[in-house]
Amino acid sequence: MERTYRTPLLDKLGVRPGARVAVLGITDPAFLSELRTRAAVTGGGTPESGTNLVFLAADDLVALDRLPELRAAIFPAGAIWVVSRKGRAATLRDAEIIAAARAAGLVDNKVVSFSASHTALRLVVPRAQR
1 MERTYRTPLL DKLGVRPGAR VAVLGITDPA FLSELRTRAA VTGGGTPESG TNLVFLAADD
61 LVALDRLPEL RAAIFPAGAI WVVSRKGRAA TLRDAEIIAA ARAAGLVDNK VVSFSASHTA
121 LRLVVPRAQR
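In my numbering, the protein residues as written are 1 to 130.
Errors might be hidden in some of the hints.
[What the hints assert, rightly or not] Derived lysine to aspartate or glutamate pairs resembling EDC-like cross-links, with alpha carbons at most 20 Å apart:
| hint | residue 1 | residue 2 |
| --- | --- | --- |
| 1 | Lys110 | Asp11 |
| 2 | Lys86 | Glu96 |
| 3 | Lys12 | Asp94 |
| 4 | Lys110 | Glu96 |
| 5 | Lys86 | Glu69 |
Simulated from the structure, these hints should not be mistaken for laboratory data.
Generate the whole structure from the sequences, applying the supplied hints.
Structure follows, in C-alpha coordinates:
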(Lines of atoms letter the chains of each structure in order from A and count residues from 1; the text may use other names and numbers.)
(Lines give C-alpha, C1' and ligand atoms only; values in the text may rest on other atoms or scores of the structure.)
Protein backbone atom coordinates (compact mmCIF):
# COMPACT_ATOMS: atom_id res chain seq x y z
CA MET A 1 0.00 0.00 0.00
CA GLU A 2 1.36 3.41 -0.99
CA ARG A 3 1.69 6.07 1.73
CA THR A 4 -0.24 9.28 1.28
CA TYR A 5 1.32 12.42 2.70
CA ARG A 6 -0.95 15.21 3.82
CA THR A 7 1.58 17.92 4.68
CA PRO A 8 0.62 21.10 2.82
CA LEU A 9 3.08 22.09 0.08
CA LEU A 10 4.00 25.44 1.65
CA ASP A 11 4.86 23.67 4.92
CA LYS A 12 7.08 21.17 3.05
CA LEU A 13 8.81 24.09 1.35
CA GLY A 14 9.39 25.91 4.64
CA VAL A 15 7.39 29.02 3.75
CA ARG A 16 6.79 30.82 7.05
CA PRO A 17 4.16 33.53 7.53
CA GLY A 18 5.56 36.91 6.51
CA ALA A 19 8.54 35.45 4.63
CA ARG A 20 10.09 37.45 1.80
CA VAL A 21 9.86 35.22 -1.26
CA ALA A 22 10.98 35.69 -4.87
CA VAL A 23 9.42 33.64 -7.66
CA LEU A 24 11.35 33.38 -10.91
CA GLY A 25 9.73 31.65 -13.88
CA ILE A 26 7.03 29.73 -12.00
CA THR A 27 3.58 30.57 -13.37
CA ASP A 28 1.35 27.99 -11.64
CA PRO A 29 -1.62 30.17 -10.56
CA ALA A 30 -2.68 27.85 -7.72
CA PHE A 31 0.82 27.84 -6.20
CA LEU A 32 1.23 31.62 -6.55
CA SER A 33 -2.20 32.29 -5.05
CA GLU A 34 -1.52 30.05 -2.05
CA LEU A 35 1.97 31.50 -1.62
CA ARG A 36 0.61 35.07 -1.50
CA THR A 37 -1.63 34.13 1.43
CA ARG A 38 1.44 33.42 3.54
CA ALA A 39 4.36 35.46 2.21
CA ALA A 40 5.39 38.75 0.62
CA VAL A 41 6.01 37.66 -2.97
CA THR A 42 8.09 39.37 -5.64
CA GLY A 43 8.80 38.16 -9.14
CA GLY A 44 10.70 39.01 -12.25
CA GLY A 45 14.29 40.24 -12.01
CA THR A 46 16.82 40.05 -9.23
CA PRO A 47 15.45 39.34 -5.73
CA GLU A 48 15.95 41.96 -3.04
CA SER A 49 18.81 41.45 -0.64
CA GLY A 50 17.70 39.50 2.43
CA THR A 51 15.10 37.40 0.63
CA ASN A 52 14.18 34.30 2.66
CA LEU A 53 13.28 31.96 -0.19
CA VAL A 54 13.73 31.96 -3.95
CA PHE A 55 11.75 29.63 -6.22
CA LEU A 56 13.60 29.23 -9.53
CA ALA A 57 12.05 27.38 -12.47
CA ALA A 58 14.82 25.51 -14.29
CA ASP A 59 14.43 23.41 -17.42
CA ASP A 60 18.03 23.69 -18.63
CA LEU A 61 21.56 24.43 -17.44
CA VAL A 62 21.30 28.07 -18.56
CA ALA A 63 18.66 28.71 -15.86
CA LEU A 64 21.15 27.51 -13.25
CA ASP A 65 23.62 30.24 -14.27
CA ARG A 66 21.66 32.56 -11.96
CA LEU A 67 22.59 30.61 -8.81
CA PRO A 68 25.59 32.80 -7.80
CA GLU A 69 23.44 35.96 -8.14
CA LEU A 70 20.61 34.35 -6.17
CA ARG A 71 22.99 33.12 -3.45
CA ALA A 72 24.08 36.73 -2.90
CA ALA A 73 20.45 37.86 -2.55
CA ILE A 74 19.18 35.35 -0.01
CA PHE A 75 19.29 35.78 3.76
CA PRO A 76 22.25 33.72 5.12
CA ALA A 77 19.87 31.02 6.43
CA GLY A 78 17.58 31.31 3.40
CA ALA A 79 17.17 28.87 0.54
CA ILE A 80 16.83 28.59 -3.21
CA TRP A 81 14.33 26.02 -4.44
CA VAL A 82 15.14 24.81 -7.96
CA VAL A 83 11.87 23.61 -9.49
CA SER A 84 12.26 21.31 -12.48
CA ARG A 85 10.35 18.65 -14.38
CA LYS A 86 10.45 15.13 -13.04
CA GLY A 87 10.19 11.65 -14.50
CA ARG A 88 10.44 11.04 -18.23
CA ALA A 89 9.78 14.73 -18.95
CA ALA A 90 12.83 15.80 -16.94
CA THR A 91 15.27 18.00 -18.84
CA LEU A 92 17.72 18.34 -15.92
CA ARG A 93 19.16 15.62 -13.74
CA ASP A 94 19.60 16.14 -9.98
CA ALA A 95 23.35 15.63 -10.45
CA GLU A 96 23.47 18.61 -12.84
CA ILE A 97 21.62 20.83 -10.39
CA ILE A 98 23.86 19.72 -7.51
CA ALA A 99 27.02 20.40 -9.56
CA ALA A 100 25.79 23.91 -10.45
CA ALA A 101 24.90 24.50 -6.80
CA ARG A 102 28.35 23.50 -5.59
CA ALA A 103 29.96 25.76 -8.20
CA ALA A 104 27.86 28.63 -6.75
CA GLY A 105 28.89 27.81 -3.16
CA LEU A 106 25.61 26.10 -2.23
CA VAL A 107 24.70 22.63 -0.99
CA ASP A 108 21.51 20.64 -1.48
CA ASN A 109 19.70 19.38 1.60
CA LYS A 110 16.11 18.52 0.70
CA VAL A 111 13.93 17.38 -2.18
CA VAL A 112 10.16 17.84 -2.37
CA SER A 113 7.50 16.73 -4.81
CA PHE A 114 6.37 20.18 -5.98
CA SER A 115 3.50 18.90 -8.15
CA ALA A 116 2.52 15.89 -10.23
CA SER A 117 4.92 17.06 -12.95
CA HIS A 118 7.66 18.93 -11.03
CA THR A 119 10.15 18.35 -8.25
CA ALA A 120 11.97 20.92 -6.10
CA LEU A 121 15.51 20.69 -4.76
CA ARG A 122 16.47 23.01 -1.87
CA LEU A 123 19.87 24.69 -2.03
CA VAL A 124 21.37 26.52 0.95
CA VAL A 125 24.55 28.28 1.99
CA PRO A 126 26.72 25.79 3.93
CA ARG A 127 26.33 26.24 7.69
CA ALA A 128 30.00 27.09 8.19
CA GLN A 129 29.65 30.06 5.82
CA ARG A 130 26.53 31.65 7.34
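Checked hints:
1. For the suggested pair Lys110 and Asp11, the alpha carbons sit about 13 Å apart, so the restraint of at most 20 Å is met.
2. Using a Cα cut-off of 20 Å, the hinted pair Lys86 and Glu96 holds, with the two alpha carbons roughly 13 Å apart.
3. For the given pair, Lys12 sits about 19 Å from Asp94 by alpha-carbon distance, which is consistent with the 20 Å threshold.
4. Distance restraint check for Lys110 and Glu96: the Cα-Cα separation of roughly 15 Å lies within the 20 Å cut-off, and the hinted pair is therefore satisfied.
5. Taking the CA atoms of Lys86 and Glu69, the gap is near 25 Å; set against the 20 Å cutoff, the hint is violated.
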